[in-house]
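J.: What follows is the residue order along each chain.
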Amino acid sequence: MGRLFVESLEGNVYSCKHCKTHFALLEDIVSKAFHCRHGKAYLITNVVNVTFGEKEERMMITGMHIVADIFCVCCGSIVGWKYESAYEKSQKYKEGKFILERFKVLGPDGSTYQGIPEAQFAESDADEE
Amino acid sequence: MIHVLMENLSTDLDQKGLIKKHEFIRVIIQCLYSLGYEESAACLESEANVSYKSAELKLLESQILGANWDDCLDTLYGIKDLTDEVRASAVFLVFKQCLLEILSRGDDSMALSLLRKQISSLNLGKEKVHKLAFGMLSGKKMEKVEDHVICELRKRLLTKLEEVLPPPIALPERRLERLVEMAVSAQIDSCMYHSSIDAVTICEDHQCGRDQIPTETYQILTDHKNEVWFVQFSNNGQYLASSSSDCSAILWAVMDDGELRLKHTLQSHQNPVSFVAWSPDDTMLLTCGNAEVLKMWDVETGTCKHTFGDQGFIVSSCSWFPDSKRLVCGSCDPEKGIYMWDTDGNEIKAWRGMRMPKVLDLAVTPDGESLITIFSEKEIRVLNLVTNDERVISEEHAITSLSVSGDSKFLLVNLNSQEIHMWDIAGTWAKPLKYKGHMQNKYVIRSCFGGFNSNFIASGSEDSHVYIWNRRSSDPLEILVGHSMTVNCVSWNPKRPNLLASASDDQTIRIWGPCSSDNRKP
Numbered sequence: 000m001g002r003l004f005v006e007s008l009e010g011n012v013y014s015c016k017h018c019k020t021h022f023a024l025l026e027d028i029v030s031k032a033f034h035c036r037h038g039k040a041y042l043i044t045n046v047v048n049v050t051f052g053e054k055e056e057r058m059m060i061t062g063m064h065i066v067a068d069i070f071c072v073c074c075g076s077i078v079g080w081k082y083e084s085a086y087e088k089s090q091k092y093k094e095g096k097f098i099l100e101r102f103k104v105l106g107p108d109g110s111t112y113q114g115i116p117e118a119q120f121a122e123s124d125a126d127e128e
Numbered sequence: 000m001i002h003v004l005m006e007n008l009s010t011d012l013d014q015k016g017l018i019k020k021h022e023f024i025r026v027i028i029q030c031l032y033s034l035g036y037e038e039s040a041a042c043l044e045s046e047a048n049v050s051y052k053s054a055e056l057k058l059l060e061s062q063i064l065g066a067n068w069d070d071c072l073d074t075l076y077g078i079k080d081l082t083d084e085v086r087a088s089a090v091f092l093v094f095k096q097c098l099l100e101i102l103s104r105g106d107d108s109m110a111l112s113l114l115r116k117q118i119s120s121l122n123l124g125k126e127k128v129h130k131l132a133f134g135m136l137s138g139k140k141m142e143k144v145e146d147h148v149i150c151e152l153r154k155r156l157l158t159k160l161e162e163v164l165p166p167p168i169a170l171p172e173r174r175l176e177r178l179v180e181m182a183v184s185a186q187i188d189s190c191m192y193h194s195s196i197d198a199v200t201i202c203e204d205h206q207c208g209r210d211q212i213p214t215e216t217y218q219i220l221t222d223h224k225n226e227v228w229f230v231q232f233s234n235n236g237q238y239l240a241s242s243s244s245d246c247s248a249i250l251w252a253v254m255d256d257g258e259l260r261l262k263h264t265l266q267s268h269q270n271p272v273s274f275v276a277w278s279p280d281d282t283m284l285l286t287c288g289n290a291e292v293l294k295m296w297d298v299e300t301g302t303c304k305h306t307f308g309d310q311g312f313i314v315s316s317c318s319w320f321p322d323s324k325r326l327v328c329g330s331c332d333p334e335k336g337i338y339m340w341d342t343d344g345n346e347i348k349a350w351r352g353m354r355m356p357k358v359l360d361l362a363v364t365p366d367g368e369s370l371i372t373i374f375s376e377k378e379i380r381v382l383n384l385v386t387n388d389e390r391v392i393s394e395e396h397a398i399t400s401l402s403v404s405g406d407s408k409f410l411l412v413n414l415n416s417q418e419i420h421m422w423d424i425a426g427t428w429a430k431p432l433k434y435k436g437h438m439q440n441k442y443v444i445r446s447c448f449g450g451f452n453s454n455f456i457a458s459g460s461e462d463s464h465v466y467i468w469n470r471r472s473s474d475p476l477e478i479l480v481g482h483s484m485t486v487n488c489v490s491w492n493p494k495r496p497n498l499l500a501s502a503s504d505d506q507t508i509r510i511w512g513p514c515s516s517d518n519r520k521p
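Chain order of the listed sequences is A and B.
Following numbering that gives the first Met the number 0, the numbering of the first sequence begins with 0 at its first residue and continues without gaps.
Following numbering that gives the first Met the number 0, the numbering of the second sequence begins with 0 at its first residue and continues without gaps.
This is chain B alone, in the form it adopts within the complex (with noise of 0.2 Å):
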């Protein structure tokens, strides 16, 4: 009964078969009829001889323009392969209208028997008839509504039916807008090196080149005299600080071509430094150690503001509320523990006693909303902040060093058994997303999320290169090599994408950007 019109033209566009060409030149036609073409639309449709209406909705056009109610309902009926529930939206909304035109010219009693017999037996479900009825009955009289009007409210029906029966009698709307969408979001879910901001092209198939990715050394800096253990950037990415076993961490300041300078070296302590953060407006750096204390530095002066605690309060790592102004560290010997401090030095809460395990690692979330501790190897805690819930996330390897991703929504940690694991901070996951191709068995190594819109991870590894993953595949997208020792740490500029500093016991930090010669600029 439907394509009468269309049988001999079912021949396939493309050689696959999957593309019915009536149906292509169909979707065209509805697509320049909404961008505003009509002229075109209808000369493609005679051109072609293809309807963008189907035979049955032109029909219902006809019926409903004229007001042949009665016809108009015996053709929904009539469709085959409609389900019940959309026969009867379908059938309620012609009603509706027939209702109120009736109403409109006064004929209560009519009215009155059509919601009587007809509606109330279309199993609509009480609410909506007592609605109608209610409107019908609820007031003063219904004026009479003008001529055109009413033909507006005919074609706003014709519409609405478009919207409610199913393809082939109507299509959805903007159809081949959407099938493109569809193209191209395939398109760059497989781009494994996405980094691109502008929107894609449609004239080429999309795929970024590894020329976005850091793959190359652009700078050696060696200023420190053992081995490099940490590296992060601060959250402007104007600055870069290292840590080291030599004692001191060091700022270094990032000029706008992507080198990077000395700032300040911050000498102070008797052991080696292991962990330094960023307070959240990079005013000033946390330094601690595994066998060292907690120190507070001004970034600009590079002066030593506040020790924490007294001599023997080891803290291993810490971390910052997002005002600034508060921080957190655990410790994880000999007092075990998780403090709060504010930046003036005063205690504001403390987790200790006995039975609180050993803190490996803590992170506060950047949204300021979670706390997440791994405590004795193989616990990660999330503690909401806000409402105090607890929740454990078990592994069942030793968990080495942790990261939190940008929007508070990921975390990552280092497996000693060689993998990485991302879990999500909400707690809807069942099982973490698994990266590996590295290697790590002694020591504790860093990974951290980065590049264009945290899109990738990098971590650090004892065979000496730095690994690269793309968050969709558990298996590397590159791999760098230059350092000639095990490299510990790794981090990924925010605000400068294409730009990745890695920490190495070879004593050195290496900058890494782009592969392309003249995109020096990372």
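With the rest of the complex left out, here is chain A (with noise of 0.2 Å):
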């Protein structure tokens, strides 16, 4: 319990790099092929332990959405973002889902992620699939 309310999940989860939170599970994971300003990014269905910035629009590769960035309710880093909606219809199966940033998180194995220097990329989101 506890003033601080934190979630667990049973199974393969991904938790942040630094609090070990958890945040996501394995089987949640709709696409492994985004790509944020870190490199590799997921597309996941649900994210637990995480609050919300304010929305905004914002430009993506695939075109203009409004997101909401997520943090770490422990600690507060950034750790990804939420589709609030999409402007383009053939983006739309990604509103309600939220993407989370390799390179902020530990893998169910408690693996990390070097990630990409940053400068050559934008911050995107462009479904490879």
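Among the hints, a few may not be true.
Said to hold, decoys possible - So the derived list for chain A, only partly shown, Cβ under 8 Å to chain B, looks like this:
| # | residue |
| --- | --- |
| 1 | Arg2 |
| 2 | Leu3 |
| 3 | Phe4 |
| 4 | Glu6 |
| 5 | Thr50 |
| 6 | Val72 |
Claimed, not checked - The calculated lysine-lysine pairs, modelled on DSS-like cross-linking and capped at a C-alpha distance of 25 Å, are:
| # | chain 1 | residue 1 | chain 2 | residue 2 |
| --- | --- | --- | --- | --- |
| 7 | A | Lys19 | B | Lys441 |
| 8 | B | Lys357 | A | Lys19 |
| 9 | A | Lys31 | A | Lys54 |
| 10 | B | Lys52 | B | Lys20 |
| 11 | B | Lys441 | A | Lys54 |
| 12 | B | Lys377 | A | Lys19 |
| 13 | B | Lys435 | A | Lys54 |
| 14 | A | Lys16 | B | Lys357 |
| 15 | B | Lys377 | B | Lys433 |
| 16 | B | Lys335 | A | Lys19 |
| 17 | B | Lys441 | A | Lys96 |
For the record, the hints were derived by calculation from the structure and aren't laboratory data.
For every residue, glycine included, the Cβ atom is placed at its ideal position computed from N, Cα and C.
Two chains, two frames, a set of hints: combine them into the complex.
T.: The following block contains the structure:
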């Protein structure tokens, strides 16, 4: 219990790199082929233990979207964003889902991901599939 | 056929046309009769030219009192709009009386033929007929019944017929009183602030003002040195216990005028204290924390009586049994499980093992019948301690806290999807009652029942306000502003319905009372 309410997940869990707070399950990953500033990112249906930033418009490679950044509830580090709405019809499938940056989380086996130097990529979410 | 007398009086009483004048007067006449004012009733009947008894009833009356049984039965059969059932009951009643009178005259053979022909054809069910026949044949020769007794019995028959026959032939008894009661009940039901114990006056529409609900800060307690996570009034309403992330708990005494004074500071924990529980007899207090052990304190002296378990025994929540001798506690880490102890420190029972899910919160209902546990965030388990039956309510979102109503009938859970759900402990509801409007995303926020008749629900909120709902409505009734940071917990004084305490991250406890300035005594 305690004041900060932290949910715990069972199974293959992705957790915060800094404080090990649980975020999401492997089975909730829809796609592993997204990209962000630091490299790989996953599209996930459900994420726990995050707080939300302000909704804002952001231009991605795939078009204009409205997104809200998500932060770890315990240590406050930014770990990705949530798609609130997409302007293009072909991008609507992302609405309500989350992006988790692989660089910010530990995999189910506790592994980290080195990421890609910032220079080359603008914030993007191009889906290669 | 019915209202020959009343045709020219069927003007409506009110503008909406809801009430017919002659019916209204008829109901008033009935009321006067039932209050014993027979002269006034008769006077009204003649003055308004409205008869209390319907034409059919008057006819039946004269037929019964005059023992014209055949005519009486004709009348009964002649009334339209009677269901077969009702008609059969009415006819049966008449037959019973008729049979009684025949028997008392000694005319057995006639009685028998009546029984055979008429009554059995009524289709009333064998039992009634058999009973009647048995009564007839069972005995001693029936003595002649006195005349005045027969008269009495006939009057009683008429009363019974009045109960059986439907309106408008006969009015249900106490009709006017019943209509007024319905109106008053409806007003009380729609009174959102309802807080008065006194009977409601019918001289004006009932509406409680918000001056009965705690809405203003009366006192700010600043003795804690860090975030205050929990507050609870004692069962007798005379004390308040609070606990904080400064690793202490404080006991306060409630003075007669509603002011709170510090009584004891309980210091012995090494980690933040997030939960306290009063023993039902208010002599002892349990304290525990999400990373802390369970300690028991004496309320009067403020000394620690016992520490349960060993060093690593983490207890997240605890609850007493009504005998104030046994307690139960739940652990979320590392040895998951539920343990039952007595006040001497002996372990009575334990539910533990690898399969035990995390226990987030638990409570024993004040009547000692059920143990309610919150498991692994989304499950509410209600265990009946008497029958050992278990029931699970699954929520869709994570539950952060649990509280139980004082009458042991309802439970309240705060979900981190910003909703508070109320369920009934007996398990008859398919869906919960929901309350919204407050803010809750990251923290454990607690809510409670309270106020007059436990009609209200109060909760903390992450936007630093205290929220109050009337149980009947899912939108907040009042929002209390004052704290500067998240309000973690609230407690409503069980003996003083307009005294409320709230605990906040701003390190203070606020005491709230009613708003009218000369009502300083909450």
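J.: So which of those numbered hints doesn't the model satisfy?
T.: Of the numbered hints given earlier, the structure breaks none, since each of them holds.
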